[in-house]
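Chemist: Just so you know, the sequences run in chain order A and B.
Sequential numbering from 618 applies to the first sequence in my numbering.
Sequential numbering from 208 applies to the second sequence in my numbering.
Be a bit skeptical, because a hint or two may be false.
What the hints assert, rightly or not - Between beta-carbon pairs, the in silico distance windows are:
1) A:ASP683 x B:GLY449: 30 to 40 Å
2) B:ASP557 x A:PRO698: 31 to 41 Å
3) B:ASP480 x A:PRO698: 31 to 41 Å
4) B:VAL438 x A:ILE724: 44 to 54 Å
5) A:ILE724 x B:THR594: 47 to 57 Å
6) A:ARG630 x B:ALA352: 40 to 50 Å
7) B:ILE301 x A:ILE724: 55 to 65 Å
8) B:GLN246 x A:PRO698: 26 to 36 Å
Quick caveat, the hints were computed from the structure, so don't treat them as lab data.
Each residue gets a CB set at the ideal place from its N, CA and C atoms; glycine is no exception.
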Amino acid sequence: MPEITFVQFHGARETLDVAVGNTIMFAATSHGLEGIVGECGGNAMCATCHVSVEPDQLHLLPAMTDDEDALLDGTAIMRQPNSRLSCQIHVTPALDGFVVHVPERQI
Amino acid sequence: MIGPAGVLIVGAGQAGYQLAVSLREGGYAGRVRLVGDEQGLPYQRPPLSKSYLQGDGNADLLPFRPQTFFDKHAIEVRGDTRVVAIDREARRVITATDEMLEYGHLVLATGTRNRPLPVPGHDLAGVHALRTQAEAEALRVAMHAADAIVVIGAGFLGLEAAAVAAARGAQVDVVETTLLPMGRAITAVMSEAFIRQHQRQGIRFHLGTGVVRLLGDSVRVTGVELADGTVLPGSLVLVCIGVIPNAELAADAGLPVANGVVVDENLATEDPDISAIGDCAAYPNRYAGGMVRLESVQNAVDHARCLAARLLGKPAPYHVVPWFWSDQGDWKLQIAGFTAGCQIVVPRGDTDSRDFTVYAFRDGRLAGVETVNRPSDHVAARRLLSTGAVITPEMVAAPDFDLRRATKAALS
Ligand SMILES: Cc1cc2nc3c(=O)[nH]c(=O)nc-3n(C[C@H](O)[C@H](O)[C@H](O)COP(=O)(O)OP(=O)(O)OC[C@H]3O[C@@H](n4cnc5c(N)ncnc54)[C@H](O)[C@@H]3O)c2cc1C
Ligand code: FES
Chain A
618 MPEITFVQFH GARETLDVAV GNTIMFAATS HGLEGIVGEC GGNAMCATCH
668 VSVEPDQLHL LPAMTDDEDA LLDGTAIMRQ PNSRLSCQIH VTPALDGFVV
718 HVPERQI
Chain B
208 MIGPAGVLIV GAGQAGYQLA VSLREGGYAG RVRLVGDEQG LPYQRPPLSK
258 SYLQGDGNAD LLPFRPQTFF DKHAIEVRGD TRVVAIDREA RRVITATDEM
308 LEYGHLVLAT GTRNRPLPVP GHDLAGVHAL RTQAEAEALR VAMHAADAIV
358 VIGAGFLGLE AAAVAAARGA QVDVVETTLL PMGRAITAVM SEAFIRQHQR
408 QGIRFHLGTG VVRLLGDSVR VTGVELADGT VLPGSLVLVC IGVIPNAELA
458 ADAGLPVANG VVVDENLATE DPDISAIGDC AAYPNRYAGG MVRLESVQNA
508 VDHARCLAAR LLGKPAPYHV VPWFWSDQGD WKLQIAGFTA GCQIVVPRGD
558 TDSRDFTVYA FRDGRLAGVE TVNRPSDHVA ARRLLSTGAV ITPEMVAAPD
608 FDLRRATKAA LS
């Protein structure tokens, strides 16, 4: 299974094996990982699953939809150029070794 | 201040779960107990009428968090435990097995239960309800085998399930006593747009009529008889005619109950040691202009956060723009604010197309926005409404009106 690494705001790292097809948000919440809330259950409605990705890995993801873009305007911590909603990232074999950074707050 | 017995939450659903989490996030160090009468870990309901019903019954996707999370945060989750009474004087609750659980602060997060269908035949095999995971699983399995389904009650749940069944190729009949599906919660324009959309998928509506009995052979349901004598054949009947708030614990303990447990804008009951949140709580809402009781994830989560802040010594009245979503086939409906009953309604976009927005006005100003397949409009609308900016029907009807631009202007 692809390995996804989560880097917390204070630097702690945790790597999870994530089944292909699952979202990064689901991987985090179903492991009880801190910092990713996922309040709307992955419906792209709450922006509490905000992460930023490594700039040199951004190209591994499909371009974001207008809807994801609009939602990112409402994150608790101001969006970065490499911000994404982790509920919209479905894990593929190509994402093995992917790293996401968890923001300080989601609410 | 909360007594040494800590916070006892009755009802381990969306609101109860969130309160426990928010208390810990806010640094509460006392005891937190989450007591519910269902089995297993707290779980999400929205997928039950959507992806879960469509899918292969993978229940792993439903829990909010794993057991390890609750252990780590010292949240004591107890399933299969029904609370039957509150002893306010002794500050404890009594369970169905006569156990006494003391509380420092008691939170009622008991949600709602389905309203039973008061007609003969309601207890035949093949008649389903939908609220819990167990019910969703039974419905899912039955749906896979049924080719004619009757849904009684055209609320959000009933229509979501109807859309899943129709997409599977079943013949679906929907019966509703009013003329407007989901009419308690959305504008007439949107309700009618949904009727047409569901009809395009082959769903048949029987509006403005009631059910007089469910027909069956000696055990199984075979059809539904309407008030005008029409008989709709169906080997599966789903009853979704609304809910009853679980407010009996409060009522029996002498607390005011009126369409739910009555609380103030701080979500407090008359008893300073008892609060109520989520689907079971009736509270004053500024955006609705009166008392409301809402059934939504947003309401449950934001109530929980508001109460956690108060219990942690930072009270702030609950004033939040409500939002909601419902997935019905290819149409994702999203609602920001309160739109039901609004007389002045301005649609933007073709209400028979794949995406459009409906603006609803009360007292001459924007009260809510309904969107179909336009999540970005929805998000902008939520932010716009929260600014309190005055938006009039004339402004929205202007050809060059742009929601995102209006939102940016209101925020700056
Ligand atoms: C099928 C379905 C689909 C939905 N879809 C959506 C959606 O798309 N979007 C949306 O916003 N909302 C949706 N909702 C509504 C949303 O799930 C509810 O608003 C939310 O769950 C309310 O949370 P709650 O904690 O107040 O109540 P609940 O989640 O209902 O939890 C209450 C819990 O308390 C327990 N309980 C009751 N009495 C007692 C007692 N005496 N002792 C112990 N335990 C007790 C109940 O068994 C239950 O487990 C849906 C609901 C259902 C049923
Ligand atoms: S979980 Fe709500 S937007 Fe991602």
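Chemist: Just pull the numbers of the violated hints for me, sorted ascending.
Modeler: 3, 5, 7, 8
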